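> Chains as they are written, first to last, in the working numbering: chain D, 46 to 400; chain H, 46 to 400.
Hints may be right or wrong, so weigh each one.
Derived lysine to aspartate or glutamate pairs resembling EDC-like cross-links, with alpha carbons at most 20 Å apart [stated by the list, open to error]:
(1) 200(D) <-> 162(H)
(2) 78(D) <-> 162(H)
(3) 309(H) <-> 250(H)
(4) 200(D) <-> 327(H)
(5) 68(D) <-> 256(D)
(6) 200(D) <-> 166(H)
(7) 78(H) <-> 202(D)
(8) 78(H) <-> 389(D)
(9) 78(D) <-> 163(H)
(10) 200(D) <-> 163(H)
(11) 200(D) <-> 256(D)
(12) 369(H) <-> 327(H)
Rough simulated footprint, nothing fancy, chain H against chain D, three-plus residues with beta-carbon under 8 Å [stated by the list, open to error]:
(13) 145-155
(14) 202-214
(15) 246-258
(16) 389-396
Honestly, the hints are just simulated from the structure, not real lab data. All values reported here derive from a predicted model rather than from experimental measurement. Backbone N, C-alpha and C define an ideal beta-carbon position, used for all residues, glycine too.
Below are the chains, spelled out letter by letter.
Protein chains: 2
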Amino acid sequence: MSEEKAVSMNGPVCPLPLRHDEKIVLGHGSGGKMSHDLINGLFVPPLANPILAVGDDAGIVPIANATRLAVSTDSHVVWPLFFPGGDIGKLAICGTVNDLAMMGATPRYLTAGFILEEGLEMALLAQVVDAMRVAAAEAGVKIVAGDTKVVQRGKADGLYINTAGVGVVPEGVTLSGANAQPGDIIILSGPIGDHGIAVLGARGELGFDADVVSDVAPLNHLVATMLAASRHIHVLRDPTRGGVASTLNEIARQSAVAIVLDEKAIPVRPSVQAACEMLGFDPLYIANEGKLLAVVHHQEADRVLGAMRQTRYGEEAVIIGEVKEAPKTRVLLKTTIGSLRVVDMLAGEMLPRIC
Amino acid sequence: MSEEKAVSMNGPVCPLPLRHDEKIVLGHGSGGKMSHDLINGLFVPPLANPILAVGDDAGIVPIANATRLAVSTDSHVVWPLFFPGGDIGKLAICGTVNDLAMMGATPRYLTAGFILEEGLEMALLAQVVDAMRVAAAEAGVKIVAGDTKVVQRGKADGLYINTAGVGVVPEGVTLSGANAQPGDIIILSGPIGDHGIAVLGARGELGFDADVVSDVAPLNHLVATMLAASRHIHVLRDPTRGGVASTLNEIARQSAVAIVLDEKAIPVRPSVQAACEMLGFDPLYIANEGKLLAVVHHQEADRVLGAMRQTRYGEEAVIIGEVKEAPKTRVLLKTTIGSLRVVDMLAGEMLPRIC
Chain D
46 MSEEKAVSMN GPVCPLPLRH DEKIVLGHGS GGKMSHDLIN GLFVPPLANP
96 ILAVGDDAGI VPIANATRLA VSTDSHVVWP LFFPGGDIGK LAICGTVNDL
146 AMMGATPRYL TAGFILEEGL EMALLAQVVD AMRVAAAEAG VKIVAGDTKV
196 VQRGKADGLY INTAGVGVVP EGVTLSGANA QPGDIIILSG PIGDHGIAVL
246 GARGELGFDA DVVSDVAPLN HLVATMLAAS RHIHVLRDPT RGGVASTLNE
296 IARQSAVAIV LDEKAIPVRP SVQAACEMLG FDPLYIANEG KLLAVVHHQE
346 ADRVLGAMRQ TRYGEEAVII GEVKEAPKTR VLLKTTIGSL RVVDMLAGEM
396 LPRIC
Chain H
46 MSEEKAVSMN GPVCPLPLRH DEKIVLGHGS GGKMSHDLIN GLFVPPLANP
96 ILAVGDDAGI VPIANATRLA VSTDSHVVWP LFFPGGDIGK LAICGTVNDL
146 AMMGATPRYL TAGFILEEGL EMALLAQVVD AMRVAAAEAG VKIVAGDTKV
196 VQRGKADGLY INTAGVGVVP EGVTLSGANA QPGDIIILSG PIGDHGIAVL
246 GARGELGFDA DVVSDVAPLN HLVATMLAAS RHIHVLRDPT RGGVASTLNE
296 IARQSAVAIV LDEKAIPVRP SVQAACEMLG FDPLYIANEG KLLAVVHHQE
346 ADRVLGAMRQ TRYGEEAVII GEVKEAPKTR VLLKTTIGSL RVVDMLAGEM
396 LPRIC
């Protein structure tokens with residue numbers, strides 16, 4: 046991406062002492078003057094908050110009245126760095142926000158660790174950091190600590206970003222993949238496979254324009270709405286790498302239950318379905334970055350579904366299956382032709398570097 | 046490093062379902078079955094704790110009675126992965142533990158994000174994870190969440206590790222680089238430059254055997270001892286990348302004070318001094334990973350120094366300078382020949398990939 050394009054897409058994020066036509070050099074990872082200029086010129090202004098601005102070795106954050114925290118981390122190595130609907134910066138924020146939200150926690154504070162490749166355009170980095178700013182603002186989280194390392198040319202694809210996060214778990218909330226019970230209903234928040242196919246399209250690997258946009262989004266406000274609607278949500282999990290199939294297998298194993306899905310109930314956009322058929326992929330294994338699966342007590346399913354549909358990221362929510370006693374640890378699919386087949390975890394690697 | 050050697054150095058860390066002669070493939074980052082086998086076979090057993098073992102999207106940790114948290118992150122890209130005195134795993138734990146400790150926090154929970162290169166030997170990875178286990182045990186922290194990504198051959202040097210951490214800040218403790226006051230005394234916990242020169246030696250870049258061992262160590266118990274000895278410690282900071290010179294410049298800027306050092310008081314081991322002279326390096330700019338600088342009220346300096354010397358990582362602690370009113374934001378060095386020279390931040394890059 047040219048420097049001109051990068052800047053014109055977002056505008057300069059702040060009055061930069063660093064010039065946008067500069068590139069990252071090893072000195073930016075030295076811990077000396079160049080590191081400080083990069084941090085204070087490029088990272089801190091868009092992410093500005095009083096905690097980060099202090100510039101100490103760790104951010105000090107208030108946490109009064111919390112008794113339990115959720116703590117999570119995700120490294121992001123997605124390639125390409127930009128794709129329809131998002132980029133590595135937005136993905137890095139949403140990935141960790143969503144991991145915290147899936148435990149019912151209110152995400153509060155994030156850290157960001159950057160591994161930059163020598164030669165990376167400063168304008169591109171500024172654009173990624175601005176996407177992080179926007180996503181963090183939507184999620185309502187603060188980035189309170191950061192770190193920057195620089196590796197030699199060829200030793201990273203532009204940049205890798207790790208985010209870690211801390212959230213506060215409200216009293217009485219105890220979600221876990223181990224809590225699914227026979228009789229529970231499985232709710233999916235919307236159509237699957239958008240993220241994986243959007244990234245594949247951005248790589249030019251589809252051979253056609255799929256017109257698919259990544260679903261990458263922060264789901265914490267959706268989760269808050271769901272938890273306010275019902276005290277009988279047992280499991281929440283976002284089906285990222287490995288897709289819905291792998292995530293439901295995890296839950297079936299953790300809870301020692303069976304999960305039976307209704308294939309015709311599982312929403313897949315026609316463009317995603319078409320791309321999957323061309324490539325021989327099953328949408329059940331494609332990564333999502335803005336969807337969640339909820340396992341809910343059967344008497345509360347309609348209430349939870351109704352609440353979800355009032356929200357931006359849950360308006361296409363549907364019931365896709367139910368939890369059974371047996372066969373324990375198995376996920377089964379009632380196909381559109383009426384047969385029942387086992388859906389296993391993703392076995393090998395379908396789409397490397399998808400997040 | 047051969048698989049045989051790696052195993053014989055540490056012994057197998059656990060009964061692995063994964064064979065030690067296997068290598069990392071892209072499928073280990075898929076989020077499917079291979080990811081689960083890697084996590085449950087290699088990562089979880091040595092780091093085992095009930096929080097990590099649950100296998101949810103985030104670790105849930107108790108945090109009753111805390112009002113302030115310290116939150117920090119560090120990515121580690123050190124090359125080579127093993128060096129005298131440590132390795133990337135030990136470094137990753139100590140780096141984040143020390144950042145939290147420098148705020149006076151008690152480090153509690155860590156996350157670990159791995160970016161693995163396709164082809165990495167499983168035995169080497171197991172050895173790194175075991176080093177993390179040992180360092181975490183010494184520091185008294187738990188690893189409560191993790192993430193693994195795999196990138197193609199050539200896109201990382203074996204592995205990069207990010208750690209993030211959460212610590213509890215005790216009531217009444219308010220350390221910051223902004224708290225240095227004229228009249229304060231600067232204490233250094235021991236000889237400088239060991240880590241940087243040890244890594245350089247491991248790269249074969251010295252051209253001779255320097256016989257230097259990295260100082261990488263968790264400093265949180267040293268800090269606890271210091272804080273118990275005095276309520277008048279104003280600043281703690283570990284002089285990592287950029288060395289003592291860059292770290293003291295940060296403090297001088299944050300506090301808007303001058304810092305005057307006594308060159309002859311600054312301890313440098315003869316082997317480190319010799320290596321620096323050969324290479325044209327100034328030890329003041331060489332990275333340390335197990336040292337700290339303390340800025341202490343002058344009436345408490347002896348008490349703090351005495352307490353430090355009772356500890357394993359503080360027994361060589363010395364007073365190296367003092368804080369003055371002016372010239373603000375400057376660090377000055379009284380040289381051994383009696384002149385006074387300005388010591389600036391590290392300007393460019395001296396030793397890439399040192400941590």
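> Each of the hints needs a verdict: does it hold here or not?
Now for the hints, and whether the structure bears them out:
{"no.": "1", "hint": "200(D) <-> 162(H)", "in the structure": "10 Å, holds"}
{"no.": "2", "hint": "78(D) <-> 162(H)", "in the structure": "31 Å, violated"}
{"no.": "3", "hint": "309(H) <-> 250(H)", "in the structure": "28 Å, violated"}
{"no.": "4", "hint": "200(D) <-> 327(H)", "in the structure": "28 Å, violated"}
{"no.": "5", "hint": "68(D) <-> 256(D)", "in the structure": "32 Å, violated"}
{"no.": "6", "hint": "200(D) <-> 166(H)", "in the structure": "18 Å, holds"}
{"no.": "7", "hint": "78(H) <-> 202(D)", "in the structure": "26 Å, violated"}
{"no.": "8", "hint": "78(H) <-> 389(D)", "in the structure": "9 Å, holds"}
{"no.": "9", "hint": "78(D) <-> 163(H)", "in the structure": "35 Å, violated"}
{"no.": "10", "hint": "200(D) <-> 163(H)", "in the structure": "13 Å, holds"}
{"no.": "11", "hint": "200(D) <-> 256(D)", "in the structure": "32 Å, violated"}
{"no.": "12", "hint": "369(H) <-> 327(H)", "in the structure": "24 Å, violated"}
{"no.": "13", "hint": "145-155", "in the structure": "holds (count 5)"}
{"no.": "14", "hint": "202-214", "in the structure": "holds (count 8)"}
{"no.": "15", "hint": "246-258", "in the structure": "violated (count 0)"}
{"no.": "16", "hint": "389-396", "in the structure": "holds (count 7)"}
Checked against the numbered hints above, the structure breaks hints 2, 3, 4, 5, 7, 9, 11, 12, 15 and satisfies the rest.
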